[in-house]
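Protein chains in written order, with my numbering: chain A, 5 to 331; chain B, 29 to 356.
Accuracy of the hints is not assured; some may be wrong.
[Claimed, not checked] In the PhoX-like style, the derived pairs of lysine-lysine whose C-alpha atoms are separated by at most 25 Å in a straight line are: (1) Lys189/A / Lys267/A; (2) Lys75/B / Lys169/A; (3) Lys136/A / Lys75/B; (4) Lys13/A / Lys298/A.
Because the hints were derived from the structure by calculation, they are not lab data. Note that the structure is a prediction, hence the values are computed from the model and not measured.
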Amino acid sequence: MTLSNALKKEMFWVMLLARRLDERAWVLHRQGKIAFHISGIGQEAAQVGAVYAIKKGKDWLVPYYRDLAMLIAMGMTPSEFVMSLLGKAPDPTSGARQMPSHFSMRHANVVSHSAPVATQSPHASGIGLGIKMDGGDAVVLTTIGEGATSQGEWYEAVNFAAVHKLPVIFLVENNQYAISVPQEKQMAVNSAADKACGLGLPGIKVDGTRVFEVYEAILEAVEKARNGEGATVIEAKMYRLTPHSSDDDDRSYRTREEVEKHKKQDPIILAKEALIDEGLLTEEEYEELDQKAKDEVDEAVKAGNEAPYPKGEDAATPVYAEEVNHG
Amino acid sequence: MAEINLVEAIRQAMDEEMERDENVFVIGEDVGVRGGVFRATVGLFDKYGEERVIDSPLAELTIVGVGIGAALYGKRPICEIQFADFIYPAFNQIVSEAAKMVYRSDGAWFVPMVIRAPYGGGIGGGLYHSQSVEAFFAHVPGLKVVIPSNPYDAKGLLKSAVRDPNPVMFFEPKKGYRLIKGEVPEDEEYTIPIGPAKVTREGRDLSVFAYGMMHHYALQAAETVAEEGIDVEVVDLRTLYPVDRETILESVRKTSKALIVHEDNLTGGYGGEIAATIAEWGFMDLDAPVRRLAGPDVPAVPFSHPMQEWFMVNPDKIADAIRDLAAF
Numbered sequence: 005m006t007l008s009n010a011l012k013k014e015m016f017w018v019m020l021l022a023r024r025l026d027e028r029a030w031v032l033h034r035q036g037k038i039a040f041h042i043s044g045i046g047q048e049a050a051q052v053g054a055v056y057a058i059k060k061g062k063d064w065l066v067p068y069y070r071d072l073a074m075l076i077a078m079g080m081t082p083s084e085f086v087m088s089l090l091g092k093a094p095d096p097t098s099g100a101r102q103m104p105s106h107f108s109m110r111h112a113n114v115v116s117h118s119a120p121v122a123t124q125s126p127h128a129s130g131i132g133l134g135i136k137m138d139g140g141d142a143v144v145l146t147t148i149g150e151g152a153t154s155q156g157e158w159y160e161a162v163n164f165a166a167v168h169k170l171p172v173i174f175l176v177e178n179n180q181y182a183i184s185v186p187q188e189k190q191m192a193v194n195s196a197a198d199k200a201c202g203l204g205l206p207g208i209k210v211d212g213t214r215v216f217e218v219y220e221a222i223l224e225a226v227e228k229a230r231n232g233e234g235a236t237v238i239e240a241k242m243y244r245l246t247p248h249s250s251d252d253d254d255r256s257y258r259t260r261e262e263v264e265k266h267k268k269q270d271p272i273i274l275a276k277e278a279l280i281d282e283g284l285l286t287e288e289e290y291e292e293l294d295q296k297a298k299d300e301v302d303e304a305v306k307a308g309n310e311a312p313y314p315k316g317e318d319a320a321t322p323v324y325a326e327e328v329n330h331g
Numbered sequence: 029m030a031e032i033n034l035v036e037a038i039r040q041a042m043d044e045e046m047e048r049d050e051n052v053f054v055i056g057e058d059v060g061v062r063g064g065v066f067r068a069t070v071g072l073f074d075k076y077g078e079e080r081v082i083d084s085p086l087a088e089l090t091i092v093g094v095g096i097g098a099a100l101y102g103k104r105p106i107c108e109i110q111f112a113d114f115i116y117p118a119f120n121q122i123v124s125e126a127a128k129m130v131y132r133s134d135g136a137w138f139v140p141m142v143i144r145a146p147y148g149g150g151i152g153g154g155l156y157h158s159q160s161v162e163a164f165f166a167h168v169p170g171l172k173v174v175i176p177s178n179p180y181d182a183k184g185l186l187k188s189a190v191r192d193p194n195p196v197m198f199f200e201p202k203k204g205y206r207l208i209k210g211e212v213p214e215d216e217e218y219t220i221p222i223g224p225a226k227v228t229r230e231g232r233d234l235s236v237f238a239y240g241m242m243h244h245y246a247l248q249a250a251e252t253v254a255e256e257g258i259d260v261e262v263v264d265l266r267t268l269y270p271v272d273r274e275t276i277l278e279s280v281r282k283t284s285k286a287l288i289v290h291e292d293n294l295t296g297g298y299g300g301e302i303a304a305t306i307a308e309w310g311f312m313d314l315d316a317p318v319r320r321l322a323g324p325d326v327p328a329v330p331f332s333h334p335m336q337e338w339f340m341v342n343p344d345k346i347a348d349a350i351r352d353l354a355a356f
C-alpha cells in the first residue's frame with residue numbers, strides 16, 4: 005500500500021511531536037523537576053513507521069520502554085506522558101506506580117510491560133496464539149532492543165511463534181548500545197535479523213532511520229502474518245543519540261565524534277528532507293509544525309504541573325483483579 | 029459418590045472446565061498425545077484437539093510466558109510444569125509479570141491463569157524431582173497459592189482456580205496422586221473457594237497445621253496418638269496465599285498448642301509465616317512454644333532410599349512431634 009501524502013505528513017508530525025516531548029523530558033530532568041527519563045531520541049522513524057503499518061485498535065502492540073514515539077503514534081497524548089514523568093495521579097499507564105515510559109493502553113491493545121528486558125516477548129507469542137485459536141486476523145507487533153535479544157526469553161518467544169506459525173512481528177530496534185555495551189559484545193552475527201534463520205523464520209534488515217522504509221518492511225511482514233503465513237523478525241538499525249537514561253553518562257564509553265557523526269543521520273532530519281524533496285513540506289511549514297509541537301508540549305507540562313499526586317494509600321490497591329471494577 | 033484418586037480428580041476438573049468454557053486450554057510438556065507424564069491430562073487431547081491441549085517446546089518459561097500472553101488476550105490457560113523443580117526458568121515470568129500485572133497497570137490488565145505443578149518428595153525422585161517450592165511463591169502479592177490434599181478438594185479448588193481472574197499457583201502432592209483416594213460426587217457440579225482452610229479433624233489437646241501430603245500424614249499420626257489419649261485437631265491449610273488466619277487462630281484458641289508440618293526446608297519455609305501469625309495474634313492463647321516439623325536444611329531430597337527417608341517427614345515423625353508437644 006502506498007502511503008498518501010496526508011499520511012506521510014501525519015507520520016512526520018508524530019515523529020516531531022515525540023522528539024520535542026522527549027527533549028523536554030531531558031530538560032525537566034536537568035532542572036530537577038523529574039526523577040528519571042529514558043529516551044527514544046533517534047528511534048522515532050522505526051517506531052512511527054512500524055505503527056502505521058498495523059491497524060490501530062484491532063492489532064496488538066507489546067512495546068518496550070524506549071517506544072515513546074510509538075505510543076504517541078498509537079494515540080497517547082503528551083500530557084498523559086508528562087503525568088507519568090511527574091508521577092501524577094492521572095497517569096493512565098499505571099496510576100503512577102511504574103517508572104515513566106513503562107507503557108500500557110488497554111483500549112488500544114497496547115500491553116503493559118515491565119523493566120526486566122525481553123519478558124514482553126513471550127506475551128506477544130501468547131497473544132498471537134490466542135488470535136490463532138480464535139481464527140482471527142489481527143497481528144501482534146512487539147519491540148525490543150538489540151541487547152535484550154541476548155535473553156533466552158526472546159529466543160523462546162520467537163521459537164514458539166515459529167513453531168505455531170503465529171501472527172507476530174518481532175521488531176528489534178537496534179540502536180547499537182545496551183547502556184554501554186556495543187552490539188559486537190551482544191552477538192556474533194551482524195544483525196539480530198540473522199538470528200531468525202536459526203529459529204526458522206525470515207529475518208529482515210531495514211534502515212531504522214528512514215521512516216517510510218521501515219513502514220514498507222513492517223507492512224510486508226504484517227500482511228504475511230495476517231494471511232496466516234507466520235511470524236517475521238525485523239531489525240531496524242539506528243543509533244541511540246542520547247545516553248541510555250537520565251542516570252547515564254555516555255561520555256564514559258563512546259566518543260563525541262561518534263555521536264556527532266550519527267546526528268547527521270537523525271531520523272527527524274531525514275524525514276523532513278524526504279518530505280521537502282517530494283514537495284510535501286516547506287521550511288515555513290516545518291517551522292509552524294515545530295512551533296505547534298513545542299506549544300503542545302508546553303500545554304502538557306502545564307497540565308502535568310497542575311495535576312495532583314496520588315495519595316500514599318492509593319498504593320494499597322489493586323493487587324488482585326477482584327479489587328477492580330471492570331464495569 | 030465415586031472413589032477416585034487425586035490425579036483423576038485433577039483430570040476431571042480440567043476436563044469439566046474445558047467443557048464449560050472454550051477459552052480454557054492446557055499447555056505443557058507431554059500433555060498432549062502422552063496425556064502427561066503423570067497422566068493428569070489423559071483423554072483431553074482426543075476430546076479437545078491439539079489446539080487446546082498444546083504440547084509445548086521443552087521450555088518452562090515458554091509455557092508460562094506464552095500462557096500470560098494468552099491470558100492477556102482473553103484466554104484461560106492451564107499451564108502444566110512437569111515437576112515443580114523445573115519451574116525456576118519461569119520464575120521471572122511469574123513474579124515480574126503475572127503477579128504484578130494488575131498492580132502495575134492500575135487494574136487495566138489482568139492474568140487469569142493456573143500454573144499446575146506436581147511437588148514434593150518420597151518418590152525416589154532425588155534432588156530435582158522432589159522439591160517443594162511453595163514458599164517462593166507464597167511471598168508474592170498478586171499470586172494465589174493453593175495446595176490440595178485430597179481428591180474432593182483438588183477437584184473443587186482447581187475448578188475455582190481456572191475461574192479465578194488472577195494467576196493461581198496450584199501445587200499438587202505427587203506422592204499422593206495415586207495413593208490418596210476419596211469420594212467425589214459423580215454428577216454434581218461443585219467448587220471449593222480459594223482462601224478458607226479446613227478443620228479436618230476436631231481435637232482438644234493440640235493443633236496440627238499442614239497441607240498436601242503432610243496433611244494426609246498428619247491425619248494418620250493423629251489416629252496413632254489418639255490411641256494414647258492425645259486428642260489432636262488437624263487443619264488443612266489448602267490455600268497458602270492468601271492465608272486463612274482466622275481459622276488458624278480459632279484452632280489455637282481452642283487447643284493452646286500448635287505444630288506446623290511441611291516437607292519443604294525448615295528455614296524460610298511456609299511454617300514460619302504460620303508461626304508468626306500465631307505469635308502475633310494468638311500469643312495469649314498459647315500453653316507451649318509453637319513447633320515446626322519440616323524438611324532439614326539441606327539443598328534437596330537425596331535419591332538413595334535411606335537418605336530420602338532421613339529427609340522426609342512421615343507419620344511417625346509427626347506422631348513423635350505431637351507427643352513431645354503434648355507433654356510440654
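Structure-based check of all given hints:
1. Taken as a hint, the lysine 189/A and lysine 267/A pair is honoured in the structure, with Cα atoms around 23 Å apart against an allowance of 25 Å.
2. Pair hint lysine 75/B plus lysine 169/A holds up; C-alpha atoms about 23 Å apart against a cutoff of 25 Å.
3. About 19 Å separates the Cα atoms of lysine 136/A and lysine 75/B, which keeps this hinted pair within 25 Å; it holds.
4. A C-alpha spacing of about 17 Å is found between lysine 13/A and lysine 298/A, which places the hinted pair at or below 25 Å, so the restraint holds.
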